[in-house]
Amino acid sequence: MLAEAQPPAAAAATSSLQQLHFEIERLNSDYARILDDERFEEFPDLFVDDCLYRVVPRENHLLGLPIAAIHCESKGMIKDRVYAARESTMAEPRTLRHFITNLRILEAGGEEIRAEANVLLVQTMINRMTEIVLSGFYLDRIVRSDGRFLFKERLCVYDSLLLPTSLIAPV
Amino acid sequence: MLAEAQPPAAAAATSSLQQLHFEIERLNSDYARILDDERFEEFPDLFVDDCLYRVVPRENHLLGLPIAAIHCESKGMIKDRVYAARESTMAEPRTLRHFITNLRILEAGGEEIRAEANVLLVQTMINRMTEIVLSGFYLDRIVRSDGRFLFKERLCVYDSLLLPTSLIAPV
Amino acid sequence: MLAEAQPPAAAAATSSLQQLHFEIERLNSDYARILDDERFEEFPDLFVDDCLYRVVPRENHLLGLPIAAIHCESKGMIKDRVYAARESTMAEPRTLRHFITNLRILEAGGEEIRAEANVLLVQTMINRMTEIVLSGFYLDRIVRSDGRFLFKERLCVYDSLLLPTSLIAPV
Numbered sequence: 001m002l003a004e005a006q007p008p009a010a011a012a013a014t015s016s017l018q019q020l021h022f023e024i025e026r027l028n029s030d031y032a033r034i035l036d037d038e039r040f041e042e043f044p045d046l047f048v049d050d051c052l053y054r055v056v057p058r059e060n061h062l063l064g065l066p067i068a069a070i071h072c073e074s075k076g077m078i079k080d081r082v083y084a085a086r087e088s089t090m091a092e093p094r095t096l097r098h099f100i101t102n103l104r105i106l107e108a109g110g111e112e113i114r115a116e117a118n119v120l121l122v123q124t125m126i127n128r129m130t131e132i133v134l135s136g137f138y139l140d141r142i143v144r145s146d147g148r149f150l151f152k153e154r155l156c157v158y159d160s161l162l163l164p165t166s167l168i169a170p171v
Numbered sequence: 001m002l003a004e005a006q007p008p009a010a011a012a013a014t015s016s017l018q019q020l021h022f023e024i025e026r027l028n029s030d031y032a033r034i035l036d037d038e039r040f041e042e043f044p045d046l047f048v049d050d051c052l053y054r055v056v057p058r059e060n061h062l063l064g065l066p067i068a069a070i071h072c073e074s075k076g077m078i079k080d081r082v083y084a085a086r087e088s089t090m091a092e093p094r095t096l097r098h099f100i101t102n103l104r105i106l107e108a109g110g111e112e113i114r115a116e117a118n119v120l121l122v123q124t125m126i127n128r129m130t131e132i133v134l135s136g137f138y139l140d141r142i143v144r145s146d147g148r149f150l151f152k153e154r155l156c157v158y159d160s161l162l163l164p165t166s167l168i169a170p171v
Numbered sequence: 001m002l003a004e005a006q007p008p009a010a011a012a013a014t015s016s017l018q019q020l021h022f023e024i025e026r027l028n029s030d031y032a033r034i035l036d037d038e039r040f041e042e043f044p045d046l047f048v049d050d051c052l053y054r055v056v057p058r059e060n061h062l063l064g065l066p067i068a069a070i071h072c073e074s075k076g077m078i079k080d081r082v083y084a085a086r087e088s089t090m091a092e093p094r095t096l097r098h099f100i101t102n103l104r105i106l107e108a109g110g111e112e113i114r115a116e117a118n119v120l121l122v123q124t125m126i127n128r129m130t131e132i133v134l135s136g137f138y139l140d141r142i143v144r145s146d147g148r149f150l151f152k153e154r155l156c157v158y159d160s161l162l163l164p165t166s167l168i169a170p171v
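Protein chains in written order, with the numbering used here: chain A, 1 to 171; chain B, 1 to 171; chain C, 1 to 171.
The following block holds chain A by itself, in its conformation from the complex (with noise of 0.2 angstroms):
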């Protein structure tokens, strides 16, 4: 087999590396369904209290500029982001799923980890049929905390510059 052909060294750093992206892709897989799930109380509790999450179309990240379609900078802002997708999205029913896709690692020799995903997100509104809301992908620095691994930044960068309705949410 292929796989064994590796010096002992690079196959130990190759498992640690297969460990971490298993821990991180279960972080990502629990983010979309709780969102999917509209848990929207329990969202907040994936981030540090120090965070960033930003929602951001790719044309505004590429040329750096600070426009956003969601922004906040600490886990209370997040907290008063999801009270307001809570109340907005009683009045206008969806169901929202997340397809988050090949995840890759960008660093993670120190305290924290960078990594970035594809993510896909449809929506299906009552009488209608499931439509795409956007594509895009995230840009994270993930820390350990307690055990576990939470967000201390997480962009979501979307391809589109049409702003989705249903940004209320997060995404």
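Be careful, since some hints might not be right.
Since the list can't tell identical chains apart, any single copy or any two copies may satisfy a pair.
[What the hints assert, rightly or not] Below, a list of computed lysine to any residue pairs in the SDA-like style, where the Cα atoms sit at most 25 angstroms apart: (1) K152 / R104; (2) K152 / R26; (3) K152 / Q123; (4) K79 / N127.
Hints are computed from structural coordinates only; laboratory data are not their basis.
Using the hints, position chains B and C against chain A.
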């Protein structure tokens, strides 16, 4: 590397869960591939004899309502279903493709594994662009049988209230 | 835990396959990211010199017909192709995003690995919502070269009979 900060027992548990995760992902990918290739005759063999396979709208699932788009209470009923699918899809050709992502193992301690995963199903009909059929999630009870994993129960909970016309084939 | 019920030899084989799976997933994610970021100049380096890269409609693939949307028989031809893509996409800006899921290792015993995975490609054009370009699957022959995995052969088999207009760039 952060992954090495785990105590040995926790690391062993992670490794074991990781392996399980890998094998359930493989089951899901086999499942997707069998349906996408329309190898319907192989589909029932993904289930144990005494099984439950249901395709239900999310609304009904949440409210506990019994109505289902597909309801099979045994491997025999699944065989009947795929026979019907084989006949029907010959009349109106389309290609279906499954994207099963964000697998989560919910419980793995006992005789069976409980897991869930998001699913996006798209279809391509002749002279039409590819379009979304449904989004939703699988809710599974999986058992090990003769060295491989099989479904004891698979619920496909889809987000729409509308019945997609292509729900003749299993999802 | 069910995963521990495996005999040691089977567990070792699973572990080795698991590692291989992890590395091929990483290759696919690198592939997706390079194309999504339009870093076309890095794209040929995902292939060995003597390679085959084809993008073909599923119908042609199943019937063994030779016509392809993209056909490159060497790394040099891939370089030509991405040069053309670079020129063309400047004229009509769009953002593409790949979702590569449900990887399956088909064969891993010998010099090369055979694998497949589903792919969903979406695009976002200025002032338009995100839409599906194509669904399909990759069929790969992968080799290890200088410690990393590279494509010896990548077929992208897409489900539509229609030629998507955006098939200027590699898929």
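For which of the previously enumerated hints does the structure constitute a violation, in increasing order of number?
Numbers 3 and 4, in rising order.
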